[in-house]
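*Asks:* Listed here are the chains, written in short residue letters.
Protein chains: 2
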Amino acid sequence: MNDRLLRAARRQPVDVTPVWIMRQAGRYLPEYRAVREKIDFLPLCKTPDLAAEVTVQPVRRLGVDAAIIFSDILIPTEAMGMELELGDRGPHFPSPLRTAADIEKLAVPDPVERTGFVAEAIRKTRAALHDSVPVIGFAGAPFTLAAYMVEGGGSKTFILIKRLLFEQPKVAHALFDRLTRTLIPYLEMQVEAGARIVQIFDSWGGELSPRDFESFSLPYLTRMVQAVQAKGVPVIVFGTAMSTHLPLLRRTGADVIGCDWRIELDQARALAGPDVALQGNLDPLALFLPHAELEQRVADILRRAGPVGHIFNLGHGILPPTSPDAAKHLVETVHRLGCHVTAPPTP
Amino acid sequence: MNDRLLRAARRQPVDVTPVWIMRQAGRYLPEYRAVREKIDFLPLCKTPDLAAEVTVQPVRRLGVDAAIIFSDILIPTEAMGMELELGDRGPHFPSPLRTAADIEKLAVPDPVERTGFVAEAIRKTRAALHDSVPVIGFAGAPFTLAAYMVEGGGSKTFILIKRLLFEQPKVAHALFDRLTRTLIPYLEMQVEAGARIVQIFDSWGGELSPRDFESFSLPYLTRMVQAVQAKGVPVIVFGTAMSTHLPLLRRTGADVIGCDWRIELDQARALAGPDVALQGNLDPLALFLPHAELEQRVADILRRAGPVGHIFNLGHGILPPTSPDAAKHLVETVHRLGCHVTAPPTP
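Order-wise, the sequence lines are chains A and B. For the record, in the first sequence the residue sitting at position 187 is 332 according to our numbering, with numbers rising by one throughout. For the record, in the second sequence the residue sitting at position 174 is 319 according to our numbering, with numbers rising by one throughout.
Zero decoy hints are in this set.
Where chains are identical, the list cannot tell them apart; a pair therefore holds if satisfied intra-copy or between any two copies.
With a Cα cut of at most 30 Å, we get these calculated DSSO-like pairs of lysine-lysine:
no., residue 1, residue 2
1, Lys-183, Lys-301
2, Lys-473, Lys-301
3, Lys-473, Lys-315
4, Lys-269, Lys-191
5, Lys-250, Lys-191
6, Lys-183, Lys-473
7, Lys-301, Lys-250
Simulated from the structure, these hints should not be mistaken for lab results.
Chain A extracted, bound-state conformation:
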């Protein structure tokens, strides 16, 4: 197996800096769109053969160093009893959580019984890839899932979830605890199916002030990280607009912290400390730059990150209008410039 990603996550030396792309199995790929013409998003997540097929597509086309299982962070919320609609325009909960009674009603589901299709998709992906690269499992963070479940979908102000935090903190903590007790077995199931590394998406954690992040997200992230690590698997924690939370994120004990493009990786390193790997952090829109300028940015990121403990990625998901050739060029550039840019050329 190409184990660069696993080695980088553990801050071991690598021949070449590993690279994968958030949302690499997605709408920018014509072969993905061809599958989606036959099946909607949520049924696709629940059909292991097809989920494995789209998971493998970017590995074949781009030569990335890992396959991230095709799924959605909100899958476990449906297993908990929420009605969920997923589409290309974002998630929607027709009956969002409104009261403590709504939260009390949420199940802590058996992961295999209710979400076994994710494990099955991981097994089929491994078989299709002959274990040539590691499969990444994933889950959302409790705060982020709760934000969707309470707001009913995305939000600009997060007024409903924050009112829950500020007006009924005990109810909020009960929700986060229930989510954590759902998500830990869900990730354990993915590891048992063969996921070799796990990413936790706290997509909305950056909407919280440091003190609120510390109270309402950090304890639950930490429980999840420790549970997965106890299975012998490294963990990546990722969120956007989280630069000021880096010292807190370090306290989760995660092996890797994923950064968006708002911070330079050398600055992130200064905030996160030396004993954690970093992932990132090219602006997804940089894939629209001319080749030479894209290569310059890749070189700059590699230089700032250093050769050890760095997983190259975008700072957020790749966007549907992106050219697959640009994505392929990015992967080739990372592999070519690899770890050989640690010292700037002498003039």
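Once you've looked at the hints, dock chain B against the given chain A.
*Replies:* For chain B alone, coordinates are given in the frame of chain A:
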């Protein structure tokens, strides 16, 4: 005149830390909603008597230390020739900028001729307040206005404006230059009408990586800051998710940097340096906290900011469902805890 705000902006000692609230003239106030029942948002901006009336409302009710003129950052874009629709659900440009030719067609308008109603509203506000508190003028930053004009409204990914930056940087710079040449006389007009301090909103600048912010926003912000300061008036620069841009923002020479709630003000101070005032930075949702907890957060912000060079504010605009009483309680709390919390009480 109560000149606390102006003194704090210049890092001079103050008796009490000054406070105002972003969007303090807005929908959370019943007296504002009463005016809006009679007139739409954009016509209200263009009717100086009514704009002055809603500008004064929060000064009377809350006792804030400044009045920010009721207007919208997109007003100058209409004067440049863009068709603009404004409402409570956010701005919309039915004919967004798509080509270099679209940008070439934009006027650099005479501010008095096309936007003189803003100056008139400032004069009427001053008269209504008998100059008891300073009036804050404002404008958007060129990058932020361009983002709206190119995207056609708000955006989650900013794909169109960033493609313009990355695919046609010369066209982007021509747009920013034209906006800057529009916005400087627009702010000068506000100063001549009696605005005693100016805030520049780079609402979307935090979407850019540090290097892109440095290339595409900073030079234009700096030109605007210097032009206003040349008229003898201090300048506040504000944006959200900009924590990692603080050292760059300092280079604008702005007197005050406004911070959102994602960073603690002592950390912001460390990044911005000693020779600039800070504004902020309570999460607007904290106005839903119980009184005692709100007061604790106010005390914490005052302590982290220190008594000199701090203007208290929210980290973003106040939200419509907020209780006016909570806003009033916030202002009273800031004035009460004032500058007397620099040392924690001895146990």
